[in-house]
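Chemist: Next come the chains, spelled out residue by residue.
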Amino acid sequence: MLLTLSWTLPLAGAILLALIGNADGKRDAMIRWTALGVSLLVFAVTLVIWARFDPASADFQFVERVPWIPAFGIDYYIGLDGISLLLVVLTGFLTPIALLSSWEGVEKKVKEFSIFILALEAAMIGVFVSLDLFLFYVFWDAMLIPMYFLIGIWGYDQRIYAAVKFMLYTMAGSVLMLVAILGLAWMHSEATGAYSFDLLKLYTLQIAPETQTWFFLAFAVAFAIKVPLFPFHTWLPDAHVQAPTAGSIILAGVLLKMGTYGLVRFAFPLFPAAAHLFAPWIALLAVIGIVYGALVAMVQPDMKKLVAYSSVSHLGFVVLGICAMNVQGMQGAVYQMLAHGISTGGLFLIVGMLSDRRHTRQISEFGGLRNVMPRLTAAFLIITLASVGMPALNGFVGEFLTMLGAYLWDPRFVVVAGLGVILSAVYMLSMFQKVYLGEVTNPKNEKLQDLQPREWASVLPLCAMAILMGVLPSIFLKPMEPSVKKVVERVQTGAPSVRAGASPAAAPAIAAAQGR
Amino acid sequence: MTMFSPELDAIVPMLCVTLAALASMGAEAFRGKNERLPIGGLGIVGLAGAAVSSVLLWNRSTVGFGVIQADNFGLFVTLTLVVVGVLTILFSAPVLERNGIPSGEYYSLVLFSIVGMMMMATASDLLVVFVALEILSLSVYVLTAIRREAAGTEAAFKYFLLGAFSSAFFLYGIAFTYGVTGSTRLSAVGAYLSAQALSSNPLILVAMGFLLVGFAFKISAVPFHMWTPDAYEGAPAVVTGFMSTGVKAAAFAAFARVFLSAFEPFKADWAPVIAVIAALTMILGTVVGVAQTNLKRMLAYSSIAHGGYLLVGLVAANDVGKAAILFYLLAYSVTNLAAFGAIALLGARDRANDELRDYAGLWHTHPALAALVTVCLLSLGGLPPTAGFIGKWYIFSAAVSAGYYWLAIIGMLTSVVSVFFYLRVVVMMYMSERGTSEVPPRVAGIGMAALALSIVAIVYLGVLPTHVLNVAAASISTIF
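Protein sequence lines, in the order shown, are assigned to chains Z and L. Counting from 1, position 353 in the first sequence corresponds to residue 353 in the numbering used here; the numbering is continuous, with no gaps. Counting from 1, position 362 in the second sequence corresponds to residue 362 in the numbering used here; the numbering is continuous, with no gaps.
The reader is advised that the hints may include incorrect statements.
[Stated by the list, open to error] Here are the computed distance ranges between Cβ atoms for each label pair:
1) L:A348 x Z:I15: 31 to 39 Å
2) L:G435 x Z:L5: 17 to 25 Å
3) Z:L5 x L:A151: 40 to 48 Å
4) L:G435 x Z:M1: 45 to 53 Å
Hints were generated in silico from the structure; no laboratory data involved. For each residue, glycine too, the CB sits at the ideal point set by N, CA and C.
Construct the entire structure; sequences and hints are all you get.
Modeler: In structure tokens form, the structure reads like this:
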């Protein structure tokens, strides 16, 4: 029940808010506090789940299963392993921060804003806990709706373009995945006589290598767009730059992870043979993305856009780690997902604070902020260093592990990816220097307020988490280790048996179906 | 349990609606000059009777006079038509009052065309299908022009001319079928053809082709869709909603019945043709829909595209496909009718308010209505958790399990494109500033209630589809 509670609670909160009448905006404060309260409660639930989670087990825990559409073997089937556990906790952690970040930035239609944030949280948690592919797809697509509204209504000037682009890009990728999901379920019915969307059953399905190729591509494109992997990244800068701060935090912090999570949970273990075939190419795209994202970030005049492109670069490391298909790489990838969620969430948060104060995000408009807002500068420095990957902060562990994993697999990728690490130091630190160091050059910046109590409440947890993840990574690595090993094992052992041609039922059936 | 004689039982649902139609004609005739009568209520009573009798007939496969087959398939469509009828009446009430349309003749025409639709869904003889087709078509032609203004009359005339044309094709098809097989009964035709399946008689292909064209006109499949945008745009919004759902449901039911029973032995001949038509219909409907600025015209193209999705189910023609057609018809009917109903509610006496820009900033003035319309549009676009998503998933499952991956992929991609134009309405409503157009400050309560009811149905079918899916699956297991 606990796991169901984790996603129904925010949904119930959203419905509750919808019932509060607020046509004249008089109850805005109450609505803000209610939404924050609900999101904190959800965070508490995720923490309780973590506390009760057995870190030694690689199995799915808190499993709940109720038939949903029995005729097609579709169940309401949810559960957590070490990988999804941490992502669920991350979601629970970032949502209150997102709500806090928009306390003053969002003035119009506060009720609807809070509803969409909570609905989004429900769908995101749903994506991470689904063990039924149909259920997963429902959450995956449903999540687009609140995000679309968040960008489109509360975003900046080009918000409509960005919102529609975000929606169409993501949908275009995911519908092909739906066809592949349907194909999988049908192959299961050919092999066993019953439809099933049960992930664990589909893992055991023997699929002919050629079919794997097509299905893998359908899944991989959907996830690559979400990550986003170069060259599918073009929606991201638009969406990030136009989204309101809360939207950017959630988009960078959680939504992008769905792509990489999908690769780890679905694309690679479901189609191991195809994964082996495509891994070098995906890794190549990832490495191109690392360098490309970093280079483009270097020349951005807009802070938000800079952070957005840095995401393309950082997510490249995650994908590289996944492609290595060994324990170090995978673990590093998952760790980097969490670390990126914290540090990029923090960057967007603080950029949002500056933008709320000055209504501009151009780097050239700022300078010498250290003199007027030392506390904010300190917080930004911590987050910047975390993002750059300085040892003892969260970014280092993830990058190190992914590069280690990639090195064990193919050192050539690491050489290029290492370049990305250096470049990230260049663009992040140069932005820091231009915005915060030196003298105050723009008179408009002289009277800026330093961190307010409410802002402290949102910045502090992020900084604390960045340090904690850097100093004591084992807290986070331990619960995920058995699950990661299991995924790696599945990817590694699944492939040869398929290569040997052990596909008794599926292959002829498909051939027959296509010949019909 | 027999209600009357076994022969009569099968037509009881139709009788209920016919009586309601006659009663509303009578009520109109004897109405005092300024007397207001709840004539729509008569219609709802008749439709409720049809619903109850359909439920009682369930699982009994009654045959009436050898030509009406009240099997579960037909009854499922009948029930869908009852839903269409009830929602149409609810949405019509405020519109009739606003535009001063005499309610007696309006409702009796609606009810008569529903009778035709129900007959078409249950007919098991080609000639009865034709008679049913004419009953429903003639009523709908008149409904299209019920406002007696230039646009409506032009639309009705176009619809009538092309409809007559398609009826002629259909009759030719029947004639050829009779010429080859010596019967118009579907069972007899099917038996004859399956005996002859190996020897190919070109005349039967001609017959099939004519029938196909006739049906394709009625479901507005490409390239026989030309009349649709004009007719849909010209008719009053609520009538458009009615004909884009009811006519389509009835025509599809008959289409499926004829091609999946009588012409089943020639499936290898017609399936590829319909597959191509389905692909073209999906593509054209969505691509042209993108360019529209009038909401009614946009939804007209969208309903063309939805016809294409339904054709995919027909092409797949396995058990999943047949059940998927039924489920999709229900999901689509509720959603599309609700969308047109919302347009109708926003219209004013002197202007239709159906341009896209009329919806600018609707959220600020009508938040509830905007939210309900959004759910309709998301359902039409096939996003979870709505009925439209389950429907599309079901249809494309059928396509995939029949090996038509390419159709599933085209369907999926076109549905992404369609989301683009549905979103334009959402953008207008939520993300644009209030325009200059004058939308009525308050919309009628009964219309909002109908809209809310549809939304409940859409979400119910989207979140808990099991029950209806099972009923749909059971409906097709008894026949074909």
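Chemist: Give a verdict on every hint.
Modeler: We went through each hint and held it up to the structure:
1. L:A348 x Z:I15: 31 to 39 Å: Given range 31 to 39 Å: holds, Cβ gap about 33 Å.
2. L:G435 x Z:L5: 17 to 25 Å: For L5 of chain Z against G435 of chain L, whose Cβ atoms are near 44 Å apart, the range 17 to 25 Å is violated.
3. Z:L5 x L:A151: 40 to 48 Å: 55 Å, violated
4. L:G435 x Z:M1: 45 to 53 Å: Given a distance of about 48 Å, which is inside 45 to 53 Å, the answer is holds.
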